[in-house]
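Student: Top line first, the protein sequences correspond to chains A and B. The letter at position 179 of the first sequence is residue 178 when you use numbering that gives the first Met the number 0, and the numbering goes up by one with no holes. The letter at position 24 of the second sequence is residue 23 when you use numbering that gives the first Met the number 0, and the numbering goes up by one with no holes.
Since the hints were made in silico from the structure, they are not lab data. Take these hints with a grain of salt, some might be off.
Okay, the calculated beta carbon distance ranges per label pair [said to hold, decoys possible]:
#1 A:E353 to B:P32: 21 to 27 Å
#2 B:A79 to A:Q411: 19 to 25 Å
#3 B:A79 to A:Y65: 42 to 48 Å
#4 A:R152 to B:T78: 51 to 57 Å
#5 B:T16 to A:P29: 46 to 52 Å
#6 A:Y65 to B:T78: 37 to 43 Å
#7 B:T78 to A:K28: 48 to 54 Å
#8 B:A79 to A:D123: 42 to 48 Å
#9 B:A57 to A:E161: 29 to 35 Å
#10 B:Y1 to A:M0: 49 to 55 Å
#11 A:P29 to B:R13: 50 to 56 Å
#12 B:Y39 to A:N15: 57 to 63 Å
Glycine is no exception: its CB is placed at the ideal position from the N, C-alpha and C atoms.
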Amino acid sequence: MQFSGFRILKEGLAGNRGWKPHWRKPDPKPDYDMLIIGGGGHGLATAYYLAKNHGLTNIAVLEKGYLGGGNIGRNTTIVRANYFLPGNSEFYSHSLKLWEGLEDELNYNVMHSQRGLINLFHSDGQRDAFARRGNAMLAQGDDAILLDREGVRAILPYLDFEQARFPIYGGLYHKRGGTARHDAVAWGYARGADQRGVDLIENCEVTGISVESGRVTGVSTTRGEIRARKVGIVTAGRTSQVAAMAGLRLPIESHILQAFVTEGLKPCIDHVISFGMGHFYISQSDKGGLVFGGDLDFYPSYAARGNLPGVEQVMEAGMALMPMIGRAKVLRSWGGIMDMTPDGSPIIDRTPIEGLYLDAGWCYGGFKAVPASGWCMAHLMATDQPHPVARRYRLDRFATGHLLDEEGKGSQHNLH
Amino acid sequence: MYLPCPCCGWRDMREFTCIGAADYCDRPEADAPPEAWDNYLHLRDNPAGPARDLWYHAPCGTWLEVARDTVTHAVTGSTAVEEAG
Ligand SMILES: Cc1cc2nc3c(=O)[nH]c(=O)nc-3n(C[C@H](O)[C@H](O)[C@H](O)COP(=O)(O)OP(=O)(O)OC[C@H]3O[C@@H](n4cnc5c(N)ncnc54)[C@H](O)[C@@H]3O)c2cc1C
Ligand SMILES: [Zn+2]
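This is chain A alone, in the form it adopts within the complex:
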């Protein structure tokens, strides 16, 4: 089923009775060339590009719940390419370019909205750091504009410019940054993969990984044994448990990140704004809700809900930055489980087990990465070579010291 203007008109006239489910619900076959564990954004994108770019269609995605029920449907949808370090810079640049063509590519409205992202800064030192980051973004071929205080005031007049603790000195404006509809990204990749013959198998939890003489041979699931030559672990917050089924101990600690949405309001916040000093960021959804969040709760957790101190911290930071939101009523808050690495950057790599691959460690920034991660993980699984833009996302980089510490904080589990 494809979408088109004509189709929508026709269905509209015929009472919308002709729409069909977007993907099949196949039973698992006993044998596949490749299996992807995890039907989130990254797993579905990997399956899509394996089929599309590499012509591999005898593959299945195994999802323990329903497609898109994990972090892909829980994030705050920010898409940007404002990274600084070689290794991250080219990867997120590639991802943003894929985002810019994604709706045509998938024939699916992912509501990608390049409304512009402004990262505020509050001191001379921070200004220098952001100027340097902006130069790195320009050198990568992406866009960045350094705004002074009046430049920020011109586009975000409602911020509190009198605030004494973190006075607003200016902002780094990334015009191609913005948001997208998170569910639609999962659904678009799912439909595209399904149309090319990939089996998307829901309610199928992987409970074991079979390894014979150092080589993966398949998996056990709640829907039976499935054999495969290659298996990719793409399970975000649950990566440590799944990797442990193959005897691996990973540089990952799972943490909780909360997010919040208010009642629907008339359009008032036109950009994505991030206030790093207060650990707060915000945008407005197309339905009108203010979508915002802050930092991790900062203790290992698998509960998809957070604690009150995290809520207070986010609310206080929001009020310090833009007092005008104080009267908006918060409708919902929720949490997601983040696969945090010691340096805050992801892993797309082979594992010590032949035929077993890992795409994980996306921390709190893996939504924007979905297209490039799928692209690079598919490349890795199909060719056994790292894709050039993901070659630094190595599993052994913590042991060898080739860290990707974007924030310059150090390589330790409680720092990112």
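The hints should help you fit chain B with the ligands onto chain A, whose structure is shown.
Tutor: Below, chain B with the ligands without anything else, positioned relative to chain A:
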């Protein structure tokens, strides 16, 4: 969430900082091979369920190892971490 400090009793989690899994207590010998250091600094079991992690109670300066369930957030006990010898 409240945590039991061996020194101060049950206190609000706002008074504590979590450093991560209690693996940080098992520091290898200085001449241990690099793999031991990688294991100590970076690799984690990251359990979903009962876990032991390290917290610091700022008001009294005690480091504590807390027994906690990472799925339910239930806290079952804690012990003070002894000074490294
Ligand atoms: C509150 C919040 C805000 C965020 N905001 C942003 C943002 O603004 N921008 C951004 O770029 N990123 C953001 N992120 C991060 C982003 O959402 C994640 O990094 C990303 O979605 C993780 O990859 P995924 O989509 O594949 O994960 P998921 O959707 O979680 O997919 C993993 C899947 O694996 C399945 N699974 C697990 N174990 C098994 C098993 N044993 N067998 C079978 N299946 C299994 C799970 O059920 C799940 O569906 C945010 C995250 C949260 C929680
Ligand atoms: Zn105490």
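Student: State for each hint whether it applies.
Tutor: Evaluation of the provided hints:
Against the hinted window of 21 to 27 Å, the Cβ-Cβ separation of E353 (chain A) and P32 (chain B) comes to about 25 Å, which satisfies the hint. Remark: the range hint 19 to 25 Å for A79 (chain B) to Q411 (chain A) is upheld by a beta-carbon distance near 22 Å. One distance hint, 42 to 48 Å for the beta-carbon pair A79 (chain B) and Y65 (chain A), holds here, with the actual separation near 45 Å. The supplied range of 51 to 57 Å is met by R152 (chain A) and T78 (chain B), whose beta-carbon atoms lie about 53 Å from each other.
Between T16 (chain B) and P29 (chain A), the C-beta spacing of about 50 Å keeps the proposed range 46 to 52 Å intact. Range check, Y65 (chain A) to T78 (chain B): about 42 Å between beta-carbon atoms, so the 37 to 43 Å window is met. Remark: the range hint 48 to 54 Å for T78 (chain B) to K28 (chain A) is upheld by a beta-carbon distance near 51 Å. The beta-carbon spacing between A79 (chain B) and D123 (chain A), approximately 43 Å, falls within the hinted interval of 42 to 48 Å.
One distance hint, 29 to 35 Å for the beta-carbon pair A57 (chain B) and E161 (chain A), holds here, with the actual separation near 31 Å. Between Y1 (chain B) and M0 (chain A) the CB atoms are about 53 Å apart, so this pair conforms to the stated range of 49 to 55 Å. The hinted range of 50 to 56 Å is satisfied by P29 (chain A) and R13 (chain B), whose Cβ atoms lie roughly 53 Å apart. Range check, Y39 (chain B) to N15 (chain A): Cβ separation about 60 Å, and the 57 to 63 Å hint holds.
The earlier numbered hints are all upheld by this structure, with none contradicted.
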